[in-house]
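Fit chain B to the known structure of chain V by using the hints.
Here the protein sequences line up with chains V and B, keeping their order. Quick note: the first sequence uses the working numbering, first residue 1, plus one each step. Quick note: the second sequence uses the working numbering, first residue 114, plus one each step.
Only true hints are included.
In silico DSBU-like pairs for lysine-lysine, Cα to Cα no more than 35 Å straight-line: (1) Lys167(B) with Lys208(B); (2) Lys167(B) with Lys57(V); (3) Lys57(V) with Lys208(B); (4) Lys57(V) with Lys17(V); (5) Lys15(V) with Lys208(B); (6) Lys15(V) with Lys57(V); (7) Lys167(B) with Lys220(B); (8) Lys11(V) with Lys208(B); (9) Lys208(B) with Lys17(V); (10) Lys11(V) with Lys220(B); (11) Lys11(V) with Lys57(V).
It is worth saying that the hints were derived from the structure and are not from the lab.
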Amino acid sequence: GAGVSQSPSNKVTEKGKDVELRCDPISGHTALYWYRQSLGQGLEFLIYFQGNSAPDKSGLPSDRFSAERTGGSVSTLTIQRTQQEDSAVYLCASSGGLAGELFFGEGSRLTVL
Amino acid sequence: GIQVEQSPPDLILQEGANSTLRCNFSDSVNNLQWFHQNPWGQLINLFYIPSGTKQNGRLSATTVATERYSLLYISSSQTTDSGVYFCAVDNQGGKLIFGQGTELSVKP
Numbered sequence: 001g002a003g004v005s006q007s008p009s010n011k012v013t014e015k016g017k018d019v020e021l022r023c024d025p026i027s028g029h030t031a032l033y034w035y036r037q038s039l040g041q042g043l044e045f046l047i048y049f050q051g052n053s054a055p056d057k058s059g060l061p062s063d064r065f066s067a068e069r070t071g072g073s074v075s076t077l078t079i080q081r082t083q084q085e086d087s088a089v090y091l092c093a094s095s096g097g098l099a100g101e102l103f104f105g106e107g108s109r110l111t112v113l
Numbered sequence: 114g115i116q117v118e119q120s121p122p123d124l125i126l127q128e129g130a131n132s133t134l135r136c137n138f139s140d141s142v143n144n145l146q147w148f149h150q151n152p153w154g155q156l157i158n159l160f161y162i163p164s165g166t167k168q169n170g171r172l173s174a175t176t177v178a179t180e181r182y183s184l185l186y187i188s189s190s191q192t193t194d195s196g197v198y199f200c201a202v203d204n205q206g207g208k209l210i211f212g213q214g215t216e217l218s219v220k221p
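Bound conformation, chain V alone (with noise of 0.2 Å):
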């Protein structure tokens, strides 16, 4: 696609639910990457793709987050037993390889009452 893509763009679920956020990153872009930005917070580093492949876990916050991807392109973030901490907006990038120039979708506002 012309540029990133995410969806929802708002989702409201209660403590205790299952989600998944989507991301269709730009055509032809071989890396993806997950950050979360809290209120007001910069953005934290969650996990990155090349192609299929996740080198770097490291910045999941627990057990509870998982991400995949496949055909080297959507990815889904899933958040399992969501906690009203995990409230934040998601944000997804896509670039033409590591090193290179990140763009940004929009963002999945999560909100966990």
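Below, chain B without anything else, positioned relative to chain V:
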């Protein structure tokens, strides 16, 4: 891991003024980018500049990799320049780490 520090944390300007934002980093880098996050939350890529100098209109950036800092210059600021400016660096070929940002407010 690599550390990124941005200064100043906040900046208020009158429209038409110039400003310089700074980004210090703790190790050599193979990727450095400047981003602008507008008041609606959208992150826009301003410069990809692991070294050297680039200019784009009223904005320019310089990275002195040997001294581990980068500067973003904004000239003749406009109200639409308001928002948060982030510097992000990577030295591992993948994990781009963001600074805490400089929040800029341009007053008419």
